[in-house]
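Novice: This is what each chain is made of:
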Amino acid sequence: MLSRVAESLYWLSRYIERTDGMLRMLKINYASSQDAISEFSWSPVMRLFCDPNDDGLDGMEFNSRAVLQYMVTNKENPNSIVNIITLVRENARSVQDHITKDVWQCLNEYYHTVKDPRLNVMLKKDDPISVLDILIKQGMLFYGTTEITMARNEGSSFMRIGKYLERSIQSVNILDIKFGSVDHNPDLLTNTSYWKHLLFSIGGYELYLKTYRQGFEAENVLDQVVLNNEFPRSVIYSINQLFKYFERLKRDGHITAGNLAFLIGRLQSKVKYSSIKGLKKGDLHLYLAEIKSELYGIGNAFNQTCFNIY
Amino acid sequence: METKSYTKSYDLPENTWDEMFKDSETVREAYKTVMDYLDLESTEELNKKEELSKVLFMSQGITFTVYNSGEGIEKIFPFDIIPRIITSDEWCFIEKGIKQRVIALNLFLKDVYSDQFIIKDGIVPIDVIYSCPHFLREMVNVKVPHDIYIHIAGIDLIRDNDGTYYILEDNVRTPSGVSYMLENREITKRLFPDLLPQCKVRSVIEYPNVLYNNLLSLAPHDVADPTIVLLSPGSFNSAYFEHTTLARLMGIELVEGPDLIVEDHKVYMKTTAGLQQVDVIYRRVDDDYLDPLAFNPTSLLGVAGLMNAYRKGNVTIVNAVGNGVADDKAVYVYVPDMIKYYLNEEPLLKNVPTYQLGNAQERAYVFDNISRMVVKQTNGSGGYGMLMGHASTEEEIEAYKLEILKDPRQFIAQPTISLSSAPCYMQGKLQPRRVDFRPFALCGPNGIDIIPGGLTRVALKEGSLVVNSSQGGGSKDTWVLSK
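Going line by line, the protein sequences match chains Z and H.
Number 20 in full-length UniProt numbering belongs to position 20 of the first sequence; there are no gaps in the numbering.
Number 437 in full-length UniProt numbering belongs to position 437 of the second sequence; there are no gaps in the numbering.
Careful, some of the hints might be misleading.
In silico lysine-lysine, DSS-like type, Cα no more than 25 Å apart, as pairs [said to hold, decoys possible]:
hint, chain 1, residue 1, chain 2, residue 2
1, H, Lys312, H, Lys110
2, Z, Lys137, H, Lys54
3, Z, Lys101, H, Lys110
Hints listed in this document are in silico derivations from the structure and should not be mistaken for laboratory results.
Because the structure is a prediction, the values reported are computed rather than measured.
With the hints as extra help, turn the sequences into a complete structure.
Specialist: What follows is the structure, encoded as structure tokens:
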């Protein structure tokens, strides 16, 4: 497979995963802003998905509608959904002969949906959750269409690698920011709705109820999001999947492994054999930061080993 | 539900061959089934179909982008829902005529790049060849596989007011539009369910397979499992949709210049697993941009060293390099003579009478009669740089004459041919618009195949004779009927 094609597939898949995470996060945060008695701060969400040096963010922290418009339909914001989906489509357009016609049409429709000017009007005046649901559904259509129509070949391996790398980075980021807020406000540690809210935003609430019977505890939430291999958004699940598709590429002779095998294997062991319960409060941030930097290292290694060899 | 007869409101143009109507009362035999079908539909129904066609093009991304005040706007190529029909007898004639012409043009290319008998025998003047910017000295004495230069030809046909077909121009470099032949048909299937089989319309679906098999057979002879790629200028090219469609339908790799590299006179593509040798390149990049070492040195679209690999026979380029000398508008004049010279046959499809402005006498005649002429640049395309004598002002004509006098060789003139009209569905009724026709011929070692169908281009502006998509043209599905 052409390096350029592999890179485009990898990125389009990363971008879709990113928008999916963003949309779910926006949806749950908006919903809980409707529950809030005091002013609801969007600052954690903005830190997660926007450039911290972005001037456009000023004065937006407590204004739900402004944040939603900025993050979904604003073309000035390079990290807005509309801009990311445009990148997805550009990537897809240049590899149309490697994705099925169904997948292409699905992404093309996603693009036209998010470009529709009516969306912005709805975000301004109507129920924003309907808008977010429309977009989340487009993303789910993509996942389903890919699952049903795409051949399980080199291209789909690169797409999955992109997807799981992005997902694990997101999960680590979310944890880091959520636990970071605890440092400033220790009351949050025992605030049930704070952790419930985190689980909702990454779709892990129901699984949590079934797994941990003793109510909402920060430690258990951490355990699920990092170490529970049954939870599709957990760090360990994502890394295991990443490893699996990397192994597949290697086995079929599509890539020369280089130090990728070492990097992925090391991270996998590190996460697998870490003990969350033993971590002290201060060490958690360090631990998450290490995982994040190793994930970035893996991203760079793919870049050097597969996409930009010549 | 109100139905109405679309025949009555049709405003048949004078002195023009209409594809559907023999006269204001009578519908031609081939169109009867379609017309009966239309007459049963209300305008609401037809409007709905028109809307559906737009939605289908949009959702499939069959669009091009127009950049306006920094904002990219997606547009679809206009499509008219009423098909254009060609009877089996007409098709039989067209097929023979195109085959004859393509065979002659191919022999001409082989000749002009080797022995040049046609020049020595005085059939084509030497200065016509050597003044053509598309005649490439780099191609002289280069041996191409099976002596095939023209692998894909898109030859444009028009019809005069008595219905006679004429050759408007030969496109033997990188003719485009075939994806619209394929997509228009897919859309028609959705718009008019069951009508295609009722009318016994021949299928166009074989095109990618035939082309793919030809490409396979053109690989340098010692390669067992050849790698075939389609070389595109990239996603900003207006025909990019076509490139991806063809690559997908043939299952070949779509590459851009930077994906390829030449080492030791061999062409490779850069893959995740290392370099992989390329044997056949179906290129949609013009000659000028193919190789910065041989041609335009500023081109980023091509591959440095490609021409050397080609000359060594390590890679096949489709269509061959240097074909532009065969579809040059000044050389066009000599094609009927070529057919006689190489094949000893009378040309089946006629040329439009053409005056060469390089010739003083002909130039004088054209200047005297310029209001009845269309003047074109010999190496122009896309309908740009043309002068339509009947529709131009005094000043425009004078200015254009000055342009001509600067370099008369670069211009030809043809009497205005009216082009046949075909009904288009617009604003709730059928309205006549001018059309041409581009069938696609594929040449391989086993002969020439012409897929029964093609691209009908239509001038959507009332009274306009310019069908190019860059100038307000659209397209129609083209049905070739079986016997």
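Novice: Are the hints correct? Go through all of them and say.
Specialist: Verification of the supplied hints:
Annotation: proposed proximity of lysine 312(H) to lysine 110(H) holds, straight-line Cα distance about 17 Å (limit 25 Å). Simply put, lysine 137(Z) and lysine 54(H) have alpha-carbon atoms about 24 Å apart, close enough for the 25 Å limit, and the pair holds. Restraint check for lysine 101(Z) and lysine 110(H): not satisfied, since their Cα atoms lie roughly 40 Å apart, outside the 25 Å limit.
When each numbered hint is compared with the structure, a violation occurs for hint 3 only.
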